[in-house]
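Trainee: The primary structure of each chain is shown beneath.
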Amino acid sequence: MLVPLCELPVPLMMPTAMPGQALPPTCTFLNVGQAFAGTQNVSSSQKDEAWKVNVRLQGCDMQRGYLCGSMEALNVPSAETPVVTFWEGEIVDNKNYTFYTGKWEATKETDVKHWSKFSSFEELRDDVQKDGGKSFDLANYPYMFMRWKEKFFVNVGTDCGLTIAGFYYVCFSRSDGSVHGFYYDPNSSPYQKLELKATNEGRAGYSFATYQFQ
Amino acid sequence: MPASAAWARPEDLVESLSSLDNTARLKALRDVKNQIIGNKTKKLSYIKLGAVPRVVEILASDTEIPLLVQSAAAVGSFACGIDAGVKAVLDSGVLPHLLKMLQNGDNKVVEACARSLKMIFHSPLAPKSDMFEGHRMELILELLNNGSENVAEVAASVLARCCETLEHQQALADAGGLRSLVSLLAGSVKKQEAALDALAALTKHNQQLSAILIMMDQGAALSLIIRLIRDKSPRMRLLACMCLAHIGKACPAGYGQEDEVRINMLGILMKLLDEPGQVGEDAPGVLADLVTNNEELQKIAQKENAVEKLADILHRDTLPAKQLEGVLLALAELCSRLEESRRQLLDSQVEAPIVAAFGHPCEGVKVAACSCVKSLSRSVKNLRTALTGERLVIPLLQLLSDPSSAVQVQAIAAVGNIVLDFTLQKTVVMQSSGIDQLVHFAQSMDPILRRNAVLALKNLLYMADSVVKGRVVNELTVSTLCELIRDSEEDVQEQAISLVRNLAYGDPDCIDYVFAHGDLLLQAVEQQLSVSLRPEISMQALYVINNVAAGNERHKDAVMDLVAPHKALSNTSGFLLNRYLQDMINPQLRVVAVWCIINLTYPGGTGTSSRVTRLKNAGVESLLQKMADDPCLDVKDRVKTALEHFSTAVTLVATTSGQ
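Chains as they are written, first to last, in the numbering used here: chain V, 1 to 214; chain R, 215 to 873.
Bound-form chain R, shown alone (with noise of 0.2 Å):
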């Protein structure tokens, strides 16, 4: 008969965990315990029975090794794989338990605890916070140095796990965890993995860390590292891999044969891509980190196929969420500079598996899909002929309402490009609710919402149609419009007046929608470029001058009582363009003035050579003349145009006084 014919009920065996006998406790301990292992519907069951609470208890109590070795034991049975088991646990209060078995004499007890404190930090659903209070991180970090193997490599991986903020990295790195972790390389290859993935976790987006890592052991410490991406095992390289790109990726240049150590990351993680289990899972995401911001690698690894084998893996029909995340990242980094990676991505047909991905249930994964889209559509042959159809549109625009933030602020910022559209009519977007929600979040608390939704406006009124404009106004409305031109971000107001740039671009009819409501809103462009410091925002403001002045008398005109009221033409320095005139440090201010100027005296007009007296009386002539010999060639020609535009001003002034 099997052993399991033997065993008691389950009800009676919840029951004997705490009869008063310790053989008996025992023997439930160990029935319960092998009971449950690698079976998720018993480890449920049991947890149901309340198993968990006298699990925790007897490791709470009881001083006899045995019971605490297998109570430990269960805890991490419980725990393991199974995020129900491992609430059940920590709902038990078991880590304050376990916490301080770590100093019990007994190594074997030692052994289980870390081994179950391992399971726990496995899942996303531990308490990682509460392992800097009190004196818990030197416990765990004197363990690193415990002669037992498996304790030092579980309390490295439990470090690896808790690890998450700068305050954890600062507080692990202040107790001295980075010297000891280093020490931990040179041990058993279990310790060596555990020890790769915490310095992983050390690293991550901290330079100076990273920094102090690059220079310990005068440079001892990364070469063992470095030599570790080409150790036997999968998940060795895979570690060394994923610390080396934290390194690399929080302190660029870090140290003198990087560019090598990269390329041969890039083609062990192409091939890591392959590997089953986690590692092959993880492995995207560390190629994503390995190749931000490298334009060199990314050509790299665009010849070597790395789209098209990410691509395969996308279609693969189910992917666990983390191995997606990191495959759609991996794709977003290779695809936002390079067309031709952005050609080869939009061959391999991913619409579909990214439209699945907007919809998937983690937070990750849809943050991922959106940038995927943002990079594909860093193109204007790409917007032409992809990408802005239905069906990927609207389930993106679907995300603008996702409850996480961090959802939306991507999403926010694949719509900016997506309607560009290069249709006068971005039909789509008319078509759905899309300018109601990015009127809305024009309007958010968050400063990086609200820049990239004044952002897509802007972009969505690039070259539109008089429909598109008049549409965005109404709902946008004038007062919300001037609120922004005078945010307290400058980036956002950087954003509102080129927004009011594109408004004011083209026919007449365009530029009225700027005087919607009297001239308020040409008054708070006004505003700013005479307050502005930062040249981006003068030059969008000077482009907003330079549409409207484009346009008819009547705007003509609107933009001399801006620039060149009538009662400082007594003093030169009140003419507003001037200044920009004889900018020395930024050429671009200087040829947008110019083309103000140019429009202002547009030849024809039948206020032009009123226009131009007073542009002379404000010493605007004589201003460009000095900049005959510009050093900037477009600036140059463009004052030649201008002073064209005065002697054939003073021409027709002579013929029409002279008949």
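Same shape as in the complex, but just chain V (with noise of 0.2 Å):
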């Protein structure tokens, strides 16, 4: 997420996607509407920050590997208010998206640095260093990786003093809906932490919202 310009860019995020004639998700938190609550953590040698983080998925078609949202950002030490960005995911499925990103300033070393971040994906990481991990049944793990990339800012101008310059390498959580990323900007600080979980939002339940396009 966001981080002041002059020192470490931080990004926000939002989404778009294509529900309608779409994939369902294979995992009901990834509904249109889920909300996520959590942090993110900019740890450096002359700071300790963190600021409270919300994102609400507003699309998913898993047949494009393909969600989108936004992404809030609160309490950011160097903003005034609360940001809000737009972001779009790609979902890593071997169909539409591999592990390697092939673009926005990052390598294949940069790729399986972030990725080895995650412990979910130490099964996988001989296999993506041998062949993109092509072979591996991604459908039936538990872990689901994504890149999230925001796209713009929603309620601020670009002057904001922040940066979406970057992106996250997301590892979602199938069971429980929780998410855990890595910031990547050449330019940023370097692993900066989105941590967050699935919320019903206080509610005595989960509800599920939908909508179609035509």
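Keep in mind that a hint or two might mislead.
[Stated by the list, open to error] Chain V regions said to be covered by chain R (calculated; three or more residues, Cβ under 8 Å):
hint	stretch
1	151-158
2	198-204
[Stated by the list, open to error] Example chain V residues on the side facing chain R (calculated, C-beta under 8 Å, incomplete):
hint	residue
3	Thr26
4	Gly33
5	Phe86
6	Ser175
7	Phe208
8	Tyr211
9	Phe213
10	Gln214
Derived from the structure by calculation, the hints contain no laboratory data.
C-beta atoms are modelled at their ideal positions from N, C-alpha and C, and glycine is treated no differently.
With the hints as a guide, dock the two chains, each given alone in a separate frame, to form the complex.
Mentor: So this is what it looks like as structure tokens:
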């Protein structure tokens, strides 16, 4: 998430998706409208900061390995108001997207280094380094790997002192909907950590909204 | 002195058309014809003077060849390029006479009549079904084999123009039209073009005739058409592409090298977009047909910058209606699935020309403009950054009141996407008459309009705040909503139930809207759940129950009374959810059913332990235990959570009773 431009660029996220004729998500926590809440941490030798983050999924299209949503950063030390961004995500499904990013200034080494920060990647690491992990059955793995890339600021201008130049490597747990992410931007402090949990927003149960494109 | 100086006054000339002297009649005919050629003003003034019925009378009653030829030619001149002329000749009853003269022994007469028919059939006013009455079609088909180049060409052109419905196509094919037209493909350029034109009309939306054409002469006819997409003549290339696009759309994957041919056609059509005149005007519509439902081809077109190229045309000052419609349709197809194409189109600043097209007099243009917006708005990102402003939404909403139902259907589909808005307040629609109109269409007699309107209202309620929800419930009313849930069309039922799902999404005050009239709505949903065999409907109904069960104690208890009434407890099959927990075909139904259980047993409620007991008695816990290794990962994970709720509740009960 967001980092002051002068020091550590901070990204935010919000999604775009396409339900409607899309395949349904393979995990109910990826339903459109699902909320996630947690924190983003920036730790470096100079400082140790953390702020609250809320994410809401707005679209999910498994067929295209696509999801999108909004990301709101609260209490960012360098920002005066909460900052909301819109992000789009790529699901690593070996059909639409692979573990190798191939853009956004991420080399294969960057990719493996970041994915390796997730303990759930351990099992796949050798396969990925051997053949990109193409033979691995990702569809039945308890974790989903994604990249979330913020596209634009929703409520503030680009002069808000934050940047969305980088992207998140994300590991999503299908069993409980928790999200772990590491922000990558060659110009930002490394390994800013995103930790989110699926939330029912304080209700006495889980509810699911729906929409359909024509 | 120019010859015109020698002409008599127009009134006198018209008078001479009915002269008893053959020579005078012939001269008058020639003079009138020569004066009106290419001159709309003259045509109109002679029409006003009543020249047309006199000309037609000559064709009807004279026998001399020069008189017949000249009168037929004059009819053609009146009908050429001006609808008032077409109307005048048709009103004078010319059609049966022209057709009768096609049997005349003199080829010059036949040719002149055929040319006039061609002029008439260029106009949308031409009475196309008339051509299929009696033996008229056989007559035209015979002319396809006529020795004269012009006659055969004209006959094919007439066929191309008047063949508009499935019945027309079938009648023509039954009379041997397909074979005759294919034979014509071996003729001169003019004959080939006219034959392609007619074959395109025969194969449009016609799977059977397309398949026959593919197989004809062991594929030789098709190969010839494929060769013609590379012909020297731009019109030939266009018509061959049109014919193949129709075949491809009606018969996907109908022949071996189709993918390759399509890619070639794409390149050819892209170049034809720049042609002047009719070829350039027709090319975008053919391009639209070519890329329909073909994502691979749409991707190639995107890489070839088709979107930018078409957007450039859209920015031209004046476009003929046909071209404008074709461009908008092609853009609608190209943007129907690919986000990158949508981005390119939005980057081309097309909002203004699209909004202008909403106000176009032609129905087809308005339909195409709506389709274009529908495609552009299939994207959360676009709805968050563009498309939801008043400048576009207000005129789009106005099209809901368009007199044409084709426009209404497309407009309502586009509105269905636009209302998503992705803001809580849905401001523009709330501040316009949009909701009234959607509520009105939700009660339409037309099932497609009804379904699209209910879908739009459902999308409007997606993550909407309580103000929006309250207004929709008030305007639509619970009783209408109940009727829609029990609609005769399953598509409407599904949309109505998922509308209730969105209504019930969120905080308890939203769920209260579901109980605006006691539990009438919930009962209607439960009824469909009990009787419907369609998994999509069951799924939406289960989501309604789930969302209500995520509410407060009152909401949860209402769900319990619905799904596990006290009197049915002795019989576990009486528990509504059990059927879905055991539905091994649809993991999506199992997973929602488990979510319902999770919500009903959600820890912390005052009635949780009593609900847990009732569910246990209904056999739910033991069913869930059997699902612990469900083949679907999502179901398996949710079952785990549900079972935890059961054991937590037991612990709590034990703790409580121990105190």
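Trainee: Each hint needs a verdict: does it hold in this structure or not?
Mentor: For each hint, the structure was consulted:
| no. | hint | result |
| --- | --- | --- |
| 1 | 151-158 | holds (count 3) |
| 2 | 198-204 | holds (count 3) |
| 3 | Thr26 | 6 Å, holds |
| 4 | Gly33 | 6 Å, holds |
| 5 | Phe86 | 6 Å, holds |
| 6 | Ser175 | 4 Å, holds |
| 7 | Phe208 | 6 Å, holds |
| 8 | Tyr211 | 4 Å, holds |
| 9 | Phe213 | 4 Å, holds |
| 10 | Gln214 | 4 Å, holds |
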